[in-house]
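As you go down the protein sequences, you meet chains P and X in turn.
First residue of the first sequence? That's 1487 in the numbering used here, and the numbers climb one at a time after it.
First residue of the second sequence? That's 1487 in the numbering used here, and the numbers climb one at a time after it.
Note that these hints are calculated values from the structure, not bench results.
Mixed in with the good hints there might be a few duds.
Identical copies go unnamed one by one, so any copy, or any two together, can satisfy a pair.
Mimicking DSSO-like on lysine-lysine, the simulated pairs with C-alpha atoms at most 30 Å apart in a straight line are [stated by the list, open to error]: (1) K1608 to K1643; (2) K1803 to K1643; (3) K1705 to K1643; (4) K1643 to K1581; (5) K1608 to K1803; (6) K1608 to K1705.
2 protein chains.
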Amino acid sequence: MENPVLAEVTRGNVVESRHRGSAIIVDADGGVVFAVGDIERPVFPRSAVKAIQALPLLESGAADHYGLTEPEIALAVSSHSGEPLHAETSLAMLKKAGRDAGCLECGAHWPMNDSVARALAKSGAEPSALNNNCSGKHAGFVCLSCSLDEDPAGYVKQGHAVQRAVRGALEEVTGAEHSSERMGIDGCSIPSYAVPLKALALGFARLGTGHGFGPERAKAAARIRAAAAAHPFMVAGTDRYDTRLMSLLGARAFTKTGAEGVYCAALPELGYGIALKCDDGAGRAAEVALGALIARFLPMDEATQTAFAPLRETVLKNWNGIEVGRIRAPAA
Amino acid sequence: MENPVLAEVTRGNVVESRHRGSAIIVDADGGVVFAVGDIERPVFPRSAVKAIQALPLLESGAADHYGLTEPEIALAVSSHSGEPLHAETSLAMLKKAGRDAGCLECGAHWPMNDSVARALAKSGAEPSALNNNCSGKHAGFVCLSCSLDEDPAGYVKQGHAVQRAVRGALEEVTGAEHSSERMGIDGCSIPSYAVPLKALALGFARLGTGHGFGPERAKAAARIRAAAAAHPFMVAGTDRYDTRLMSLLGARAFTKTGAEGVYCAALPELGYGIALKCDDGAGRAAEVALGALIARFLPMDEATQTAFAPLRETVLKNWNGIEVGRIRAPAA
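Let's have the full structure, built from the sequences with the hints guiding it.
Structure, rendered in structure tokens:
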């Protein structure tokens, strides 16, 4: 089965590249509002489900036990750019649990933001695990582990109490079996489980509404959404799509990118959850495809529509600043 | 029409992403040896045709007039990583024509190689146009312009003598009309013309054999191939695919990457030209797709096959160095 084109890349008058994929919007009862392409094929959500993975941190009471702030909760669901504030906040979270960067098991990498990486290099420093885009999530895992009186060592392993709690939350929220047969290792070394796109959309519809959740889980979901809306920089970083989108729309949309062309989003006022996957794994396409879906379904006044336009269509400029093309959803 | 999958990305036991595209191999008479997908659709070759774009530099006598060395000729057909030797060699070419970096019109960008970019930042320097991956080609354009007694100013424009010569060479070598209707502006600001993939393959079959060329053009093509084979670092850079492949195969393969998932190659001993385009523009897929085609058609002894294996299949490791997946052509 051939998935449709979700985004096309133009140069001059020519479509230079095409990104196929599948996308689905459901309501919190699982009713399908919109669907294109193969929505049954299992997809690794990667980092798009960090908000679900963070539910145990809040539900367990660990976040309150350690007094995690709203920016820290936003960072716990982030794929951040490794900017100084991100790294400092990750460290602050670890310190609240009496730990430090040494117990992070995500691995170190240079900040995703190239100019931040070059500034770090210029300072003579090397990157640490705090600069890893997943360090906030991992700091949350360490807090959860300590709060459970579990040794955090090995918290990335499938059998550790942290990952058992995370997997349980994922299964309950999405309603999909998270099978070891369809498990892969994520960039940050934790398990990722491939599940149908429609289950991810349902999970986000529930996350956005609390529908079908118990009171503790509904409260945790609402706190995560509020934290992201109030601190969109913490969820991603300078010039990043999630940060730009949530800075504009606030609590009206909770969006989260995942590696390999995945996007998940909740539109709480509509009760909708969105999940999409570009077949080829391209983030540039996933972004404009998500933007096109949000613009189609979420009512916006004229000023917001204008401000939203760059989130639906990316202008491509060359090294001399000349516009050479666009990335956009194809005309319907 | 749906193009076939040229490369798949695995994670654990699951295919996480898929890259579709088209590919063609022809002989120097245009006879089709192999073809998959839509080979008629116009494709921007981008940097994959730099060797054809450099033919006027050699044919005109400009390269000899300025005494360009073999490494400099290799750099003139490169998309280099902006490493110090690349930047220095670009500058040396310009100086031979009595010019300097100030007349480059490609724009400046940080070196494509991230660790080189960070080292440059650490030194306190800023990138110049010499670090632009196209600076060698542009230095060649400046040499050509000066040798023609044409002011190099505006050498990137469609109407300049340099671009007229380049377009003429492209049309003659590929046999395809290079239409202003299907023109786009490349990353380095010169025109790029979309032409059918089969014309690009034919161009590379001719480039690899000289078949159908006059003696000056055949000699120029042979000098370019020899320069790339002898100096594969100059064509790309540290850890780059073209450099690795030509370091292994020498003059048996001339390969050149282009932006947006294009690859062109010549296999001179077989008389074959190869052109492929990943629909979605992914370079990671174009590389392994090219590797699979070369491995299928070019005879290799056992040791070469073993050394070639990483050029057919990319091992994906996460931030902790754990193997998490592969990128490879799908099993036939």
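Hint check results:
| no. | hint | result |
| --- | --- | --- |
| 1 | K1608 to K1643 | neither (35 Å within a copy, 37 Å between copies) |
| 2 | K1803 to K1643 | between (43 Å within a copy, 17 Å between copies) |
| 3 | K1705 to K1643 | within (28 Å within a copy, 60 Å between copies) |
| 4 | K1643 to K1581 | within (22 Å within a copy, 58 Å between copies) |
| 5 | K1608 to K1803 | both (27 Å within a copy, 27 Å between copies) |
| 6 | K1608 to K1705 | neither (43 Å within a copy, 46 Å between copies) |
In summary, the numbered hints that this structure violates are 1 and 6.
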